[in-house]
Structures are given as structure tokens and as C-alpha cells.
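Colleague: Let the hints inform the model, and build the full structure from the sequences given.
Respectively, the protein sequence lines represent chains P and L. Each residue of the first sequence is one higher than the last, beginning at 28 in the working numbering. Each residue of the second sequence is one higher than the last, beginning at 28 in the working numbering.
Each pair may be met inside one copy or between any two copies, as identical chains are not told apart.
Lysine to aspartate or glutamate pairs mimicking EDC-like chemistry, simulated, CA-CA at most 20 Å apart: (1) K242 <-> E128; (2) K29 <-> E50; (3) K233 <-> E178; (4) K260 <-> E276; (5) K252 <-> E120; (6) K336 <-> E379; (7) K354 <-> E327; (8) K260 <-> E62; (9) K242 <-> E120; (10) K356 <-> E327; (11) K255 <-> E120; (12) K388 <-> E327; (13) K255 <-> E116; (14) K113 <-> E135; (15) K356 <-> E310; (16) K336 <-> E62; (17) K252 <-> E116; (18) K260 <-> E340; (19) K29 <-> E62; (20) K113 <-> D316; (21) K29 <-> E379.
Keep in mind the hints are simulated off the structure, nothing from the lab. Predicted model, so just to flag it, every value in this text is computed and none were measured.
Protein chains: 2
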Amino acid sequence: MKRYLMAPGPVAVDPHVMLVMAEPVIHHRSPQFSEILTRVRDDLKYVYQTKNDVFIMASSGTGGMEASVCNMLSPGDRALCIIGGKFGERWAELCQTYGVETVNIDVEWGRAVDPAQVEAALNENPDIKAVFVQAHETSTGVKHPVKELGEIVGRRENTILVVDAISAMGVYDLKTDDWGLDVVVSGSQKSFSLPPGLSMVSVSEKAWKFAEQSKCPKYYFNLLKERKALGKKTTSYTSAVSLIIGLGEVLRQFKEMGLEALFAHHRRLSGAVKTAAAAMGLELFPRDDSEAITVFKAPEGIDGTEVVKILREEYGITIAGGQAHLKGKIFRISHYGYLSEWDMIIALAAIERAMNQLGYKVEYGSGVAAAQEYFAKN
Amino acid sequence: MKRYLMAPGPVAVDPHVMLVMAEPVIHHRSPQFSEILTRVRDDLKYVYQTKNDVFIMASSGTGGMEASVCNMLSPGDRALCIIGGKFGERWAELCQTYGVETVNIDVEWGRAVDPAQVEAALNENPDIKAVFVQAHETSTGVKHPVKELGEIVGRRENTILVVDAISAMGVYDLKTDDWGLDVVVSGSQKSFSLPPGLSMVSVSEKAWKFAEQSKCPKYYFNLLKERKALGKKTTSYTSAVSLIIGLGEVLRQFKEMGLEALFAHHRRLSGAVKTAAAAMGLELFPRDDSEAITVFKAPEGIDGTEVVKILREEYGITIAGGQAHLKGKIFRISHYGYLSEWDMIIALAAIERAMNQLGYKVEYGSGVAAAQEYFAKN
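Modeller: And the structure:
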């Protein structure tokens, strides 16, 4: 069966990039690789919109999140976690793992945090050293207002803002430096459109001061050690050379395209699918949604898990269902990754068919027609 | 320039395996990937010669080493580290990172540890909870006697043996279960002949009891959590799907070949190169050497770093130099990875040439002739 991957990560990868990564392996401590690594790090700064160093580690995105906790804080420190989904919960779990006391702001899943609430919590708890948030909460499709949070946290000398941008960096505008995002985590398998296996972390000057004080144990994810290695144009431990070479190729394409065009592409796919959802009579789950993914609410009486299963098993199309208490209640389609407008047409056509198959009446062609019209106009 | 990678990792990868990994990415939480992951884990048990579960994590080998420390011990515990090279030092550094007190056995670099010394240290320090050792110390080319250590540690109920087999597993015979190796770490970029990015860790029943008591903080490298995920035929965090698919292909080839043939292949390459070294009038560095790599001593007055540089820059051949205080004093050639006897002929021819270029007289063809004869007979 011909297969299509349209889940919010891992994502479809450009076959050309796959073949670039299939070139002979080179040694991680060679001048040839140092040159590639240096260029890739510079190009990452372009996407991150930062002058800060960006580190590349061999791990999934969660490794980058762990690095952001264990390098910045010490046991007994206090942190503010914004929890509006599965990945917000991960911040709190990571803090607890390292003996960091958390103040949690629980946000209704599907909603963005209110910056005023964060400001109030920081005023109430002036000893909070770090605020942990998702730029985009992949489990719900919600964008948190990190620009506003950057302003609030930026006014405090003793607090940093740590942003999980795993499904946001390279998807939409995130101005690391201008917005004061101190630590920003991303991963290879989202907008960078690569297989999983790399996490990237940027660290601001302000955050380095926290790192220098941190007493949490860390070895593999030691960012101060990585900073030293960066000076020697290498990484502390064996670099995932093939993935980094693939990242270099993707970044070359991103630069050629320009950030604005890249972001516009995601907005366009998102706009078409969201317009089509309305035309099909399907509701979206998040009230504060994003252009990164579209999260459909499974209609009353329809099991979202079944939609995912029909698409995967009968049509060869992989999308994602809901996690935790959203299992069965939603299904999610990515707009980042190696995807074109025609992939969105396929996804919508498949949803039209699956819905009817499950007994929920959707007029054939209604979603596709709305998307066609949207694409033609935008 | 046509390039040849013959360093002790990252290693050359079979282009066919590279192309298998270049196939479209599949989702890590799909039944299709669960099936692959389950088969790969089973096949890993074949190479590990174990019934224990083997976990696969997205990280370099060091991540697997860290997992072996932070999952098995608690701050204040005592551990015995056998230090005869850079990677032995890494065990001690990892223990120190987690507040584990270490008793170190310093072994002359180039020598294997004497099991009697380990037994004596354990008798003197009955509270030692874990012995950390390299099966093969990549920095010196030495094999430590892990079978004998397994017997010694196996007699103690409250001590486990943790083996860094990153450059040993799949290279030569390592009987995880028969020898009582409790935790065994390997990596993708050595004998498994893949790009860097995966670490594999096996855990014995005895070691699980240690894991259940461990109080070190861990999240990304939490093996108890991985054990739960294994039950659901998945991994806790996003699997490095493409590398795991590549691993599946390599393991298929290993099984087809059989372990004995695989090990014999490494012994044969090693035997030829070591015989050739003698014929060229070059000394080997380690006194307790291995079939995994050959470590040449740079002759008096010759800088080993220059040998590596000439091979890389003038001949397109990547081998490795020495690390730490061995920098400039040795150069190392791998026998694992996607390498044939003809690659060894190339390496030897290149060494003959580089030596003469640096003013150290080696008769042209002397190393190659000895290797030819060895290969013809063995």
C-alpha cells in the first residue's frame, strides 16, 4: 500500500534529504565534519532568530527538555510549569525528577495560558527561577503566548523562560532573542522534517548564569561541557553525523526559501484544512489553535481512534489520535514536515470517506472543495 | 577524493543499509513499527546471547553508560571502576556525577585488569554495589576479562557487573547470560555498522532489583519506564525509527552469517594487520590486545597525529589517533564496521607510504605481503 505520513511527528521526509543522509558516514572528529557542524549550528541560529549558541544532541526532543531542567536548576529550586497538555505535564515530571518544586498553572486542554495569570503567579512566588512552557502544545494543537511570557519573565533578573518549541521552531515565527526566550528546545522530527534522533537547545547569556550555578547531576546532557566542545568545533559525545548532515540540507532549503515563506506555507496548509473542517461540519478541538497542526474533535458517537485506524489500515495514511484523556476524542493532522497542499487534499478526502464509513454523514467532496477554493485564493 | 573510513567508530556502513534507512519514515506508535521494534529487540538478544530484555535508546553510547549508572545506583552507594583508558575514566566520572563513591583500580593503559585484583578489592570493600568495566577499551585496544569478572561478581548477591561493550558487542564472543554480565551497553556506530545515534542496554533479573531501589534522578534514560513501554511494544520517547530499521537489516545479516562467522571475520582482519605490523617493523601499543582494533605504537621520533593526518588528507583514509596522554603516541585501525580484507590491504599500504613520508623506513610491500600471506592461509 502506498503510504502517507501526516502525523505531528515523526513526519514525512523529503526523499532527497533521505538520500543525502545515505551518503558514506564521516568521522565525527574530522575537519570535514567540524566544518559541517559549524555551518549547521550557524544555520540553526537563522531559524531560531538568535545570536545564542544552539547545541545539537543525539536524543529525542525529551532529552533536550531534560537538559533544560537539569542544566538550569538545582534540587530545592522552584519552577513554574504551565500545563495545558501532555507535554506541559512532562515539564512538571522533569522538575519533580530533579527535586525542583513546581508551582503549576493548569490550563484547560485546548486553551492557551493567560499571561496575566503567569505574571500573578510570579508576583506571588518571587523565588521562582524558571518558567517552563510549550510554544506549541502538540497534544492539543494550542499555541501559548511565549512572546508575552518573554516580556513578563524578561523583567525579572532571577527568572528565566524555558520554551519547548519542539513542534513550533521552524513552523511559525519565534523570535528567540527579540522575545527573550532563554532556553529553546527543538527536535529533528517536526518542522526540521528529518527522522527522529536529534534535539537542539539554545541558551541565552542570562540562562548560562543559571547553568553555572546548577547542581543537578548531568553528564550526557551537560550543556556547559557542550559549550566547551563547541569552542573546538565538535560535540562532547559522538555526534549523530548522518542526521546532522541531513539537518544541514534541510536548513539550506529553509534559507533558500526564507523564513517568511516557510511560515506562510504552514499557515496556508492550516488555513485550508481548518476551512475544510467547517465545510464538512466537523468541529476543531482547541479554542486557541495553531497553524502547526489541525486537531479535529471526533463528533459525538464517533471514536477518534477508529478514524485514525481506518486511515492507517485501509487508506495507508498515518495521522495521530488523542493522548491521555483525549484518547478517542480527537484526531490530529500535521502541517509541518515534507507536505504539500495536495497532501492536505488527500487527508481531507480520506477523512470524508472515513467519517461516512463510521456512520457520520459528510457530503463527499465538501472538505476537498472548501480546501480547493482556499488554496486557489491564498 | 575517494574516502575510506576505518576508525574505531563511527565506522563505514554498508550502502545497502544506508538505503534501507532512506526508505520513507514510519510513525513510531504504529503497529507497523511495533512489529519491527519487537523483531529488532529479539535479534539483539541473539547477538547479546541473552534472554534479558535489551533496550534501544536514541543517544550515543555514553547515554547508555549514563543509564547504567543512574538506574542501578543511588547517591552514597559505592562502586568499583576499572580504569585502563579514557572510557574507564568515563565510568568514574559518571559515578561521581551521581554522588556514587568510587573505588578505582587503575590499570596501566594497554594492559588488561587482573581479575584477582578485582576480587581483592571486592573482599576489602564488601559494600561495593557495582563493578564498572569495559569489555573492550577502545582508547587502548585492550580486552578486559569480563568472563572472569562475571564469575567473581556473580558469587556476590549485592554486587552487579556493568559492562561497556560499545566496541565489543558483535565483535567477539560475549555471553551475557552464561558469563553473568548484568548490564551490557552497546552502540550503533561500532560493530553494528550503523551511523551513530543508538545505544542499547541489556538488564539482568539481578540488575532489575538494583534498578527498583535506585534513587538517582533520571527521566530520558529511565529503564524501568522503558520496561513498561516494552510491554506495549514501544519506547517511552520517540524512537529513532530510521536507525532502528537499519539495525534490523544489520541484525538480519548477522543472523544469516552466524555469530561465529562474524567473530571469525574480525579475528581474521585483526590477525592479518597485526602480522603485517610485525613485518613492517612496527610495534603494537597494547600488551593485552584485541581483535576489535589494532593499535600501533608510533615509532620513536614519529608523531602519530601526523600519520593520521597524512592518511586522511593525502590518501582519503580515516583512522584514529590517540586520546589524552596517548595523543601522538599511537594510531588505531578498526576491524569492525563494513570492512573487508581488501580494506585492510589499503590501510596497510597507506601506512607503509605514510611512514616513509615521515622519514621512518618501511620496505614498500612488506606489510601488504605479510597480510596477503596471512589472508591466503586463514
